[in-house]
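**Q** Keeping the supplied structure of chain S fixed, place chains U and X upon it in accordance with the hints.
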Amino acid sequence: MTMDAVYIILTATLFSISCGLLGAFLLLRRMAMVGDAIAHAVLPGIVIAFLISGSRESVWMIPGAASLGVLTTFLIEFFHRRAGLQTDAAIGVTFTALFAVGIILISVFAGQIDLDQDCVLYGEIAYVPLDVWMTASGEVIGPKALFIALGLLVLNVLFVVLGYRQLLVSTFDPAFAAASGISVVLWNYLLMGAVSFTTVAAFNSVGAILVVALLVVPPATAYLLTHSLKRMLGLTVLFAFLSSACGYVLAVALDGSIAGAIVTCAGGLFVLVWVTQLLLRRKPAKELHPLT
Amino acid sequence: MDNLRAFFSFSDPNVVSVVLGTLLLTASSAVVGTFTFLRKKALLGDAIAHAVLPGVGAAFLWSGVKDPLMMIAGAFVSGWLAVWAMDQIVAHSKIKEDTAIALVLSVFFGVGILLLTYIQHSGNAAQTGLESFLFGKAAALVGRDLWVFGAVALVLLVAVGLFFKEFQLIAFDEAYARTLGLPVGRLNLLLTSLTVLAVVTGIQAVGVVLMSAMLITPAAAARYWTDRVQQMILLAAGFGALSGLAGAYVSYVAPAMPTGPWIVVVISVVAILSFFFAPGRGIVYRYWQQESLRHDILEENMLKAFYQMGEQEEDFFASRPAEELLAWRKFPPASLKDALRRLVRKGDMVRKNDAWQLSPAGLERGRSIVKKHRLWELYLSRYLQLAPDHVHDDAETIEHILTPELEAELLRMMDYPDLDPHDAVIPYGEKDKKE
Amino acid sequence: MKFTAENPVVEFHDLTVAYHRKPALWNVDLTLPAGALIGIIGPNGAGKSTLIKAAMGLLPLSSGYVRLFGAELDAVRRRVSYVPQRESVDWDFPASVMDVVLMGRYAGLGLLKRPSAQDREIALNSLEKVGMAGFRNRQIAQLSGGQQQRVFLARALAQEADLYFMDEPFAGVDAATEAAILEILQELTSSGKTVIVVHHDLQSAASFFHWVVLLNMRLVASGPVDEVFTAALLQETYGGRLTVLAEVGELVRKRQISGREKY
Chain S
0 MTMDAVYIIL TATLFSISCG LLGAFLLLRR MAMVGDAIAH AVLPGIVIAF LISGSRESVW
60 MIPGAASLGV LTTFLIEFFH RRAGLQTDAA IGVTFTALFA VGIILISVFA GQIDLDQDCV
120 LYGEIAYVPL DVWMTASGEV IGPKALFIAL GLLVLNVLFV VLGYRQLLVS TFDPAFAAAS
180 GISVVLWNYL LMGAVSFTTV AAFNSVGAIL VVALLVVPPA TAYLLTHSLK RMLGLTVLFA
240 FLSSACGYVL AVALDGSIAG AIVTCAGGLF VLVWVTQLLL RRKPAKELHP LT
Chain U
0 MDNLRAFFSF SDPNVVSVVL GTLLLTASSA VVGTFTFLRK KALLGDAIAH AVLPGVGAAF
60 LWSGVKDPLM MIAGAFVSGW LAVWAMDQIV AHSKIKEDTA IALVLSVFFG VGILLLTYIQ
120 HSGNAAQTGL ESFLFGKAAA LVGRDLWVFG AVALVLLVAV GLFFKEFQLI AFDEAYARTL
180 GLPVGRLNLL LTSLTVLAVV TGIQAVGVVL MSAMLITPAA AARYWTDRVQ QMILLAAGFG
240 ALSGLAGAYV SYVAPAMPTG PWIVVVISVV AILSFFFAPG RGIVYRYWQQ ESLRHDILEE
300 NMLKAFYQMG EQEEDFFASR PAEELLAWRK FPPASLKDAL RRLVRKGDMV RKNDAWQLSP
360 AGLERGRSIV KKHRLWELYL SRYLQLAPDH VHDDAETIEH ILTPELEAEL LRMMDYPDLD
420 PHDAVIPYGE KDKKE
Chain X
0 MKFTAENPVV EFHDLTVAYH RKPALWNVDL TLPAGALIGI IGPNGAGKST LIKAAMGLLP
60 LSSGYVRLFG AELDAVRRRV SYVPQRESVD WDFPASVMDV VLMGRYAGLG LLKRPSAQDR
120 EIALNSLEKV GMAGFRNRQI AQLSGGQQQR VFLARALAQE ADLYFMDEPF AGVDAATEAA
180 ILEILQELTS SGKTVIVVHH DLQSAASFFH WVVLLNMRLV ASGPVDEVFT AALLQETYGG
240 RLTVLAEVGE LVRKRQISGR EKY
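Chains as they are written, first to last, in numbering that gives the first Met the number 0: chain S, 0 to 291; chain U, 0 to 434; chain X, 0 to 262.
Pulled out of the complex, with its shape left as it was, chain S reads as follows:
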């Protein structure tokens, strides 16, 4: 295995762990589709930040673009409460509109920014090893994206560790949380802020849409296997790594998008775990909730 492969897998793993840690809470709050909406809706923020800063190098554009994700959360609430629009439609209308604006901005300013539709869809993780940080003497330290991913992971781990109890209580029992003085609204917005921030930071590597998969699929697989939140978070890390490694191998074999392959593998792992569990247990099916 080449060094490039190690870099790519490592970067992908770090990003997917960040996404998975937050995604676990989204899943338990039944807000997976809000995560989906945020991941789409930060796009115009990213494009505008690119236009202003002139490149995607600037770390400072991340909070700026991420604020759009928080705005999305607010808009969904606003349309739901103020205009009385049902929640599912509020989510659907908000993120498609913002995403469309983002794509238009990319098309209009195609000549001025180094961003295209492909990058939006599945990022450019293959180029991670090419963009490196060097010391003043010209020594290569490592790929920039890897350090961004590492920094992001540190921030997310800090967030989840420091806010663990508040996140746990406000997710499991919001009424009890509010009654014991924990601000449910504040922690909701903090979580959405973290999701936005992570989406923007991971966007370059995996693309907006595939961030959604990393938010949802590894935690969902972990959720199947355990009844303990801590273990769920641990398993999420494991599945994030397995998906990234297996995705890279698959992408190389097929000569396709690495991000697409990572998601394919994450999905494959989910199916594997789920079907194995079904076969092993053969427990009576719980009450049916048909979707159609």
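Among the clues, some could well be false.
Claimed, not checked - Here chain U is said to cover these stretches of chain S; the calculated rule only asks that three of the stretch's residues, wherever they fall, bring their Cβ under 8 angstroms from a Cβ of chain U: (1) 7-21; (2) 31-38; (3) 84-94; (4) 115-124; (5) 214-223; (6) 253-260.
Keep in mind that the hints were calculated from the coordinates and are not lab data.
Treat the numbers as computed from the prediction; the structure is a model and nothing was measured.
C-beta: ideal position from N, C-alpha, C; glycine also.
**A** Then chains U and X, alone, in the frame of chain S:
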């Protein structure tokens, strides 16, 4: 400007076919989307829209050419597979519906992206045009594509027309539809198939990524203008068609531009305008209603003050300066003069120099408010056993919204009482006679 | 009929609470005594849960105020515990019995501090009291309805509060659990704590509670159970709604009136 004129003259036969095709596609998905919306399954549409991508890719791999019929078949199969997968996950695991949707959506899309990039990198010359499925390209809608997609759209519209009654019922109350003996399961199956079909046709113009907007947004916008399903469907179709037209135009003037985002932006603007300005439900409309209620309340409170002062001094038609009014009750000084002016215009007050007095009509209105106030106080103390010092605040609000029917009901229940809990006389008018 | 409690622990003053702008409770005005086991009783939709949610600051008040121990809620939050309805949470949640009971200790912890050995000790004691100590590592998804309710009770006990609001703790539990819960509540009140319980079973109410509050969109009666639990007052509570009140409530919702007017 020349572009605009050239486009809308429809002299270019290509323009005609692209416009016709786009209108049909966007309108038909808006129609089907109305039911998705009413059944509160908007995000299911989102998932289906993303999930057709691997089908499109696989169909291309299979046939090696960009054949519309193959594409539709492939997309249909993967769309259906996605719906089935979501059903199975929710039914046979502890995973909840929203996670199942997000999971299936992103995994199918990821697989689709992998297939698409694989096809691209394998260097097949015929693959150009596959990309237009991602963000839509209305201009590509010519020749055989137009006929195939157009025919599917027509099938959709006809099917919705045939089963309108049944769809309306299961959207409103599925359990009730079941008790009527309707084949709810099969109807659901049909509606889901139609949704998949709508997605499959719409992606040519809008693209996979933004297709869900065509299902959700026109219906959401239409909901704000009507309470009837038939009208809602027509409006949604109209809004959809309008945005489709915009997409066709963009395709005409800027062929390199993807049309999907433009269509979605247009329909989103329509929706957001509806959320704000639609009569009855819009935010601005409701705000305006609130304002006018506030005005009414202020005016009624002034008439009430005049009435109460008159009652105390046994002179209802005394003219009083603004200071006297302010001394009686803390009215907001800023809006005091405006309210008095409105009352004069309505004929409830007469202005004399720098003082105001009640007109006979104003006296009647003031009396009516005081009557309702005291009736409600009495109701609260009799039926809710509230102490007399606890009934006033509530009556201050209720006096302004009590309808004549409820007032008559109160009078009947309490048998035309004479005094309120504070022993003040309840002032009856000419018409308040006991039958 | 309304009895005033001597040195009241809870005071509702002219409380009107709306759900989605529609008043669910009108002008409730009452005081509740310390050290009593108090039942809130009334038909479905009477506003029983609304009353205790309003007391815990979970719903905005249209008018009036609530005083707990003569103070605002925020000043005495640590002395008050709330037990939501069992169905209000997702029992598939990945947590153990101990995790849930420890939540009762969270309010006292800062952002950085972790639950101490003493917190765990208190949580374990609470589990023992409800007879669930042997289940402490059990996943909550595997509990029966009665066991879930005991866990919720243990979490409340772990808060070591002086005042407890409980939403339907006896709903859907087996007879053994019912007896166990009742015994714990009685122990609490005999040690001077106040327990306020939303309850919908008339049969058992007379024997469970010292004091009852009869509610049906408005306060019908509040007082010692012997005085208030009369056929006439129960008839008034359960004998149909006040239709005028319901219709005016609907008007308030339609006209979007929030709170009291100021001028």
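**Q** Going through the earlier hints one by one, which of them does the structure break, listed in rising order?
**A** 1
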